[in-house]
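Peer 1: Below, each chain spelled out in residue letters.
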Amino acid sequence: MPSKQEPATCQQRPTVALGLEGSANKLGVGIIRHFPPPPAGSGQRRRPAEVLANIRHTYITPPGEGFLPRDTANHHRSFVVKLVKDALKTSGLTPHDIDCVCFTKGPGMGAPLQSVAIAARTISLMWNKPLVGVNHCVGHIEMGREITGATNPVVLYVSGGNTQVIAYSHHRYRIFGETLDIAVGNCLDRFARTLQIPNDPSPGYNIELLARKGKHYVELPYTVKGMDVSMSGILAYIDQVAIDILNGNPRYADDEDGGGGGKTIITKEDLCFSLQETIFAMLVEITERAMAHVGSQQVLIVGGVGCNERLQEMMAIMARDRGGQVYATDERFCIDNGIMIAHAGLLAYGTGFKTSLEDSVCTQRFRTDEVYIAWRDD
Amino acid sequence: MTLFRKLWSFAYPGFSFSHFHRVMATRTLSVMPLGNVTLPSAISEALALTLIAQGAEAQIYFSVEHPFIPATYLTGTNSQPSAGYILKYRPPKRYRHNALDAQLTKHRTLSEARILYKLFLAGISVPQLIAVDPRQGLIWMENIDGQSLKSWIWAQETEMEERQVDEGEDAQAQKRVHIIKPVLLAVGSEIAKLHFLETVHGDLTTSNVLLRDSSRVEAITVTFSDKPMVKDPVIIDFGLAQQSTLPEDKAVDLYVLERAFISTHPIHSEEYVEWVLEGYVAGFGRGKKTAMFKVNEIMRKLDAVRLRGRKRSMVG
Ligand SMILES: Nc1ncnc2c1ncn2[C@@H]1O[C@H](COP(=O)(O)OP(=O)(O)OP(=O)(O)O)[C@@H](O)[C@H]1O
Ligand SMILES: [Mg+2]
Numbered sequence: 001m002p003s004k005q006e007p008a009t010c011q012q013r014p015t016v017a018l019g020l021e022g023s024a025n026k027l028g029v030g031i032i033r034h035f036p037p038p039p040a041g042s043g044q045r046r047r048p049a050e051v052l053a054n055i056r057h058t059y060i061t062p063p064g065e066g067f068l069p070r071d072t073a074n075h076h077r078s079f080v081v082k083l084v085k086d087a088l089k090t091s092g093l094t095p096h097d098i099d100c101v102c103f104t105k106g107p108g109m110g111a112p113l114q115s116v117a118i119a120a121r122t123i124s125l126m127w128n129k130p131l132v133g134v135n136h137c138v139g140h141i142e143m144g145r146e147i148t149g150a151t152n153p154v155v156l157y158v159s160g161g162n163t164q165v166i167a168y169s170h171h172r173y174r175i176f177g178e179t180l181d182i183a184v185g186n187c188l189d190r191f192a193r194t195l196q197i198p199n200d201p202s203p204g205y206n207i208e209l210l211a212r213k214g215k216h217y218v219e220l221p222y223t224v225k226g227m228d229v230s231m232s233g234i235l236a237y238i239d240q241v242a243i244d245i246l247n248g249n250p251r252y253a254d255d256e257d258g259g260g261g262g263k264t265i266i267t268k269e270d271l272c273f274s275l276q277e278t279i280f281a282m283l284v285e286i287t288e289r290a291m292a293h294v295g296s297q298q299v300l301i302v303g304g305v306g307c308n309e310r311l312q313e314m315m316a317i318m319a320r321d322r323g324g325q326v327y328a329t330d331e332r333f334c335i336d337n338g339i340m341i342a343h344a345g346l347l348a349y350g351t352g353f354k355t356s357l358e359d360s361v362c363t364q365r366f367r368t369d370e371v372y373i374a375w376r377d378d
Numbered sequence: 001m002t003l004f005r006k007l008w009s010f011a012y013p014g015f016s017f018s019h020f021h022r023v024m025a026t027r028t029l030s031v032m033p034l035g036n037v038t039l040p041s042a043i044s045e046a047l048a049l050t051l052i053a054q055g056a057e058a059q060i061y062f063s064v065e066h067p068f069i070p071a072t073y074l075t076g077t078n079s080q081p082s083a084g085y086i087l088k089y090r091p092p093k094r095y096r097h098n099a100l101d102a103q104l105t106k107h108r109t110l111s112e113a114r115i116l117y118k119l120f121l122a123g124i125s126v127p128q129l130i131a132v133d134p135r136q137g138l139i140w141m142e143n144i145d146g147q148s149l150k151s152w153i154w155a156q157e158t159e160m161e162e163r164q165v166d167e168g169e170d171a172q173a174q175k176r177v178h179i180i181k182p183v184l185l186a187v188g189s190e191i192a193k194l195h196f197l198e199t200v201h202g203d204l205t206t207s208n209v210l211l212r213d214s215s216r217v218e219a220i221t222v223t224f225s226d227k228p229m230v231k232d233p234v235i236i237d238f239g240l241a242q243q244s245t246l247p248e249d250k251a252v253d254l255y256v257l258e259r260a261f262i263s264t265h266p267i268h269s270e271e272y273v274e275w276v277l278e279g280y281v282a283g284f285g286r287g288k289k290t291a292m293f294k295v296n297e298i299m300r301k302l303d304a305v306r307l308r309g310r311k312r313s314m315v316g
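From first to last, the protein sequence lines are chains A and B. Each residue of the first sequence is one higher than the one before, counting from 1 in the working numbering. Each residue of the second sequence is one higher than the one before, counting from 1 in the working numbering.
Take these hints with a grain of salt, some might be off.
EDC-like, lysine to aspartate or glutamate: derived pairs with alpha carbons at most 20 Å apart [claimed, not checked]:
hint, chain 1, residue 1, chain 2, residue 2
1, B, K106, A, E219
2, A, K215, B, D101
3, B, K106, A, D254
4, B, K301, A, D181
Restraint-style ranges between C-beta atoms, simulated for each label pair [as the list claims (entries may be wrong)]:
hint, chain 1, residue 1, chain 2, residue 2, range
5, A, Q240, B, E297, 27 to 37 Å
6, B, A173, A, P63, 51 to 61 Å
7, A, T122, B, D303, 34 to 44 Å
Examples of chain A residues lying across from chain B (beta carbon under 8 Å, computed) [unchecked claim]:
hint, residue
8, M126
9, H170
10, R174
11, I175
12, F176
13, L180
14, Y217
15, Y222
16, A281
17, V284
18, H293
19, R310
20, I317
Just so you know, these hints were derived from the structure itself, not from any lab. We treat Cβ as the ideally placed atom computed from N, Cα and C, and that holds for glycine.
Please model the entire structure based on the sequences and the hints provided.
Peer 2: Quick look at the structure:
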């Protein structure tokens with residue numbers, strides 16, 4: 001919980017934050033600089049934040065295997081010192097230039113979160129700089145807004161552990177829709193495991209590549225409940241089809257116009273294609289529902305799955321047909337990274353927020369709407 | 001030939017616009033079509049239609065004319081809803097695969113029409129179905145004259161906020177109990193009736209409940225003679241509705257609504273949800289043993305679904 005909530009202090013000089021992220025299998029370290037807002041009435045534009053370093057190292061497991069908390073934490077522990085050093089070097093700064101040390105407080109996997117929090121505490125004590133605990137999801141949202149310039153979008157946050165449709169109101173990012181069971185990234189990753197697709201660079205990206213070669217659409221369950229979705233039934237269904245195919249029991253496409261006469265064999269490319277078409281259509285649908293509900297014209301996609309170009313394309317078509325706009329970032333900012341933690345942390349720090357050492361424990365469960373967004377007053 | 005086109009051939013050109021102004025005066029003004037999706041021209045050319053809402057899935061058009069019964073037939077019969085007619089159009093969604101799109105549009109339109117029809121016959125407060133063309137994604141229904149629960153609550157809250165300074169917190173809270181509570185009790189009880197018929201809505205939000213203006217006698221529910229008259233809630237948008245006997249599905253329905261309150265009406269959501277659920281339990285139970293058993297089971301599931309919701313954000 002927040003330890004100190006001092007009145008908003010307007011920084012008069014540029015501030016710099018170090019950010020550490022390790023809530024899942026990505027370890028990220030970033031350094032960001034914020035500039036003081038231009039004097040009111042000066043007509044000058046706000047100077048955007050400056051990314052001074054953004055370094056990531058991913059713990060990659062062999063095909064067919066997911067990442068376990070203990071091994072992931074080990075990975076983070078072994079690499080964090082090197083990454084912090086590299087980040088300082090890239091930025092050309094010294095510890096002296098840093099104003100605060102930001103770290104992911106949650107949500108995420110316990111052991112990896114803790115391993116990085118320990119690193120953050122150590123750095124904070126060593127350098128004598130205040131700690132700032134950051135909500136991972138808020139990090140994604142704020143970084144997305146900063147990079148794309150979207151002012152008040154409906155946010156689709158899609159990653160390995162989260163699937164949420166979010167909109168801002170009254171100082172909180174409120175969750176309008178989410179998955180009722182597993183996250184979309186998790187669904188893709190697990191299907192990749194079934195197909196024994198490599199986890200390098202990421203299972204989701206490899207599914208995207210295969211999907212581009214898919215032609216035949218296999219009908220799958222479609223499970224939207226209002227602004228919520230459910231993925232587990234779809235995964236169970238398509239897993240079964242895939243297992244059949246891998247075991248040498250071919251399935252045939254039932255396309256009327258394909259000319260195959262019902263003899264076209266479904267490939268794993270077709271399955272990846274169909275899975276993407278189905279679950280992305282569900283995500284676009286709930287995003288559109290949220291847009292209609294809150295009356296917004298902007299969509300921002302954040303989180304690892306947000307790099308998927310097909311998802312971005314579908315979202316763009318939807319937004320265009322509503323007379324709106326879609327905002328998305330590339331792999332550097334979409335996939336978990338340290339810079340977003342530094343950025344969101346520095347925004348909070350700018351309003352006087354700090355996390356005391358006693359309060360710096362991590363929490364696996366930390367909902368997006370628990371954070372009071374003091375730095376926005378729209 | 002589709003049912004719609006069959007019905008269409010009845011279309012009567014010489015309709016009088018006599019009560020057009022009265023009806024339109026109470027409607028929201030027309031909205032500009034967003035983007036580039038429009039109604040099939042065969043329909044837009046034959047009837048005077050006004051686009052009045054653009055939902056997530058559908059465009060909603062208002063028409064004074066009945067789609068196929070001549071006005072001369074309708075005058076004096078009680079089958080004429082005084083408030084005009086609504087055409088709900090689900091245009092193709094270009095973002096999704098053609099096969100998926102066609103299947104979803106057909107399925108949802110047909111299922112919405114079936115469920116509307118069934119619920120209306122069962123006496124649930126829903127718009128009366130008039131005609132349907134599933135392939136084209138078209139449903140004609142009765143227009144409900146009145147605003148959505150969402151904008152009504154927003155309007156009430158804004159009004160109360162404006163007077164907050166002179167009246168104080170306590171008076172505000174009392175006002176909510178007086179004005180908003182009876183409506184939310186009625187909403188809860190209407191949802192209970194729906195669930196009692198083993199139908200789940202699938203998208204319960206405060207935009208999918210309309211409050212019918214109590215200008216007509218049958219639109220008024222008088223709970224007790226000494227209590228103020230309550231606006232009659234009408235549930236709409238059954239595109240995601242389903243038949244289900246499972247308590248779990250009903251619990252998810254309530255959970256979806258609860259979350260809609262939390263996200264859309266955050267300041268007093270706790271109170272609002274409590275009132276809806278109070279109305280729900282009352283509407284369900286009414287002392288009968290099996291019904292009480294059912295509703296208790298649903299409430300237990302609701303707790304479980306909520307808990308799952310909070311556990312969900314475990315991995316970042
Ligand atoms: N029978 C009706 N009478 C009056 N207004 C209606 C009626 N049906 C729909 N509307 C208006 O149109 C809006 C959208 O309708 P509806 O919810 O059926 O469409 P939708 O696009 O499926 O919605 P959603 O965005 O929830 O998916 C409603 O919120 C309401 O304002
Ligand atoms: Mg609706």
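Peer 1: Could you run down the list of hints and mark each one as holding or not?
Peer 2: Hint check results:
no. : hint                          : verdict
1   : B:K106 <-> A:E219             : holds, 15 Å
2   : A:K215 <-> B:D101             : holds, 16 Å
3   : B:K106 <-> A:D254             : holds, 19 Å
4   : B:K301 <-> A:D181             : holds, 15 Å
5   : A:Q240 <-> B:E297: 27 to 37 Å : holds, 31 Å
6   : B:A173 <-> A:P63: 51 to 61 Å  : holds, 60 Å
7   : A:T122 <-> B:D303: 34 to 44 Å : holds, 41 Å
8   : M126                          : violated, 26 Å
9   : H170                          : holds, 6 Å
10  : R174                          : holds, 4 Å
11  : I175                          : holds, 7 Å
12  : F176                          : holds, 5 Å
13  : L180                          : holds, 7 Å
14  : Y217                          : holds, 5 Å
15  : Y222                          : holds, 7 Å
16  : A281                          : holds, 4 Å
17  : V284                          : holds, 5 Å
18  : H293                          : holds, 6 Å
19  : R310                          : violated, 10 Å
20  : I317                          : holds, 4 Å
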